[in-house]
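Add chain E to chain D, keeping to what the hints say.
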Amino acid sequence: MKTHPQDDALHQLLRHWTVEPQANPGFRAAVWARIDSARRMPATWSGWLRLNLVRVSYCAAASIVFAGTGGGLLAASQANREREQLIQRYVVSIDPHQQVNAPR
Amino acid sequence: MNYRWITAGAIIALALLAGGASYLCFHHTMSVSTGQNHDSLMWVRHEFKLSGEKLAQVEALHEAYESVCAEHCIAIAESRAELKRLQDAKAAPADIETAAAKAKAVDARCIASTEAHIKEVATLIGGEEGRRYLSIVLPRVLMFDHSGPASLDLHSTTTSAHDIPAGK
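Protein chains in written order, with our numbering: chain D, 1448 to 1551; chain E, 56 to 223.
The shape of chain E in the complex, shown without the other chains:
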């Protein structure tokens, strides 16, 4: 065999080795497919390097907010179901307007509550990291299209959305 081809093969093997090693070195993020798939707080813990008392406080706050969030979920779904029911039944415009206003008020209350929770978590994290948390999370909540079509099937959401924090 020509030495050139042997050399080319050796260089390719070396390059593949270097590429693989580089990939493994740089891929130091937490894997989505780890055993903690149901832990939604994993990102906060990892990204802001929370530990000890601060982590316990953030976890407690998150856990406490889960029940509030679940209540909001039900309120949103119910208000939208009522609005849809009235629209489908071609109810009086005044009734539809009242239901729409109620749904809007529920939406606004939920957004305000979520925003307050996010700011609370940011204050708990504190400092520059708290501001960074706020800059990452808050826009994702505020920019979300809250008027989108809702799924009214609450039974399938409760277990997947309000997940159990790690270690529970």
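Chain D extracted, bound-state conformation:
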């Protein structure tokens, strides 16, 4: 097979290339920590929930408060809009000018 002259240069370069990894002193400890953490992982969801009760509770409470407030604000704004429509309907019913000028 015919090789490209640049491939030879690349081979030369790779032959002289050496990897000198820096030693990570925390590597072993990190691996063991991960193994330990996996060992401590509960087998069931309820077990996991019990283990993370505080965090999950805060998160759930914040989400519920946020969604509840959002729902309330949305409802209030919609109710306000509907009230405004009803007021307008009443005003039109008693104001001849608004009846005459009303778009059809």
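Worth flagging that the hints you see were computed from the coordinates, not collected in a lab. Some hints here could point you the wrong way.
Claimed, not checked - With a straight-line cut-off of 25 Å between C-alpha atoms, the simulated SDA-like cross-links for lysine to any residue are:
no.: 1; chain 1: E; residue 1: 109; chain 2: D; residue 2: 1535
no.: 2; chain 1: E; residue 1: 104; chain 2: D; residue 2: 1525
no.: 3; chain 1: E; residue 1: 109; chain 2: D; residue 2: 1525
no.: 4; chain 1: E; residue 1: 104; chain 2: D; residue 2: 1483
no.: 5; chain 1: E; residue 1: 104; chain 2: D; residue 2: 1497
no.: 6; chain 1: E; residue 1: 174; chain 2: D; residue 2: 1532
no.: 7; chain 1: E; residue 1: 104; chain 2: D; residue 2: 1464
Said to hold, decoys possible - To spell it out: a stretch of chain E is covered by chain D in this simulated footprint if at least three of its residues, at any positions, have a beta carbon under 8 Å from a beta carbon of chain D; those stretches are:
no.: 8; segment: 104 to 116
no.: 9; segment: 185 to 196
Stated by the list, open to error - Residues from chain E that keep clear of chain D, each with C-beta distances beyond 10 Å, as calculated:
no.: 10; residue: 70
no.: 11; residue: 76
no.: 12; residue: 140
no.: 13; residue: 141
no.: 14; residue: 151
no.: 15; residue: 156
no.: 16; residue: 159
no.: 17; residue: 179
Idealized CB from N, CA, C, for every residue including glycine.
Frame of chain D; chain E shown alone:
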């Protein structure tokens, strides 16, 4: 599946439930899309919690004013039609001025009549609620641009504008 994702899903479901419940709880206003779409007095009844004799009086007053309002509608449309006819026909300026003055007088009479009716209803409602009614309704009538272009087609207005009160 990772427990974190299950928990996140459960929290989102709970939040949606809370949002929906909150929406339903707060959305206690009367719905526009109920069966009483033709009842223009619905707002007055609901907002000022009218019932019994007071409600009957307000309804009677409203009903009585409907015919007055219809007459005003016709008068406004006719005076504006006459003015427009004269303007289109390039009539004598004096005639146009007379017609414009007449239209203005009709406008003023209608505004005064509507204002008087609103004050009458406010007096019937009475007290703080009557004042609140006045503060909501009166500005909407007085601030309306009464000189706006009028539709002169009276035939399409009479059924929609002068609606039938509830229970009729």
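For each hint, the structure was consulted:
About 22 Å separates the Cα atoms of residue 109 of chain E and residue 1535 of chain D, which keeps this hinted pair within 25 Å; it holds. Distance hint between residue 104 of chain E and residue 1525 of chain D is fulfilled; the C-alpha atoms sit about 21 Å from each other, no more than 25 Å. For the proposed pair residue 109 of chain E and residue 1525 of chain D, the alpha carbon gap of about 29 Å is over 25 Å, so the pair is violated. The suggested pairing of residue 104 of chain E with residue 1483 of chain D is violated, with an alpha-carbon distance near 67 Å, which exceeds 25 Å.
Distance restraint check for residue 104 of chain E and residue 1497 of chain D: the Cα-Cα separation of roughly 51 Å exceeds the 25 Å cut-off, and the hinted pair is therefore not satisfied. Using a Cα cut-off of 25 Å, the hinted pair residue 174 of chain E and residue 1532 of chain D holds, with the two alpha carbons roughly 22 Å apart. Restraint check: the Cα-Cα separation between residue 104 of chain E and residue 1464 of chain D comes to about 89 Å, which exceeds 25 Å; the hinted pair is violated. Coverage of the segment 104 to 116 of chain E by chain D is violated in this model, with 0 residues showing a Cβ closer than 8 Å to a Cβ of that chain against a need of three.
Evaluation of the coverage hint for the segment 185 to 196 of chain E: fulfilled, as 4 residues show C-beta separations to chain D shorter than 8 Å, against a requirement of three. Not every CB of chain D lies more than 10 Å from the CB of residue 70 of chain E, the least distance being 4 Å, so the non-interface label is violated. The beta carbon of residue 76 of chain E is not kept farther than 10 Å from every beta carbon of chain D, the shortest such distance being approximately 7 Å. Non-interface status of residue 140 of chain E relative to chain D is upheld: no Cβ of that chain comes within 10 Å, the nearest being about 16 Å off.
Against the 10 Å criterion, residue 141 of chain E stays outside the reach of chain D, whose nearest CB is about 18 Å from its own CB. The beta carbon of residue 151 of chain E sits about 20 Å from the closest Cβ of chain D, which is more than 10 Å, so the claim that it is off the interface holds. A cut-off of 10 Å between C-beta atoms confirms that residue 156 of chain E is not in contact with chain D; the least separation is 17 Å. Once the 10 Å rule is applied to beta carbons, residue 159 of chain E is consistent with being away from chain D; the minimum gap is 12 Å.
Residue 179 of chain E, annotated as away from the interface, keeps every beta carbon of chain D farther than 10 Å; the closest lies near 14 Å.
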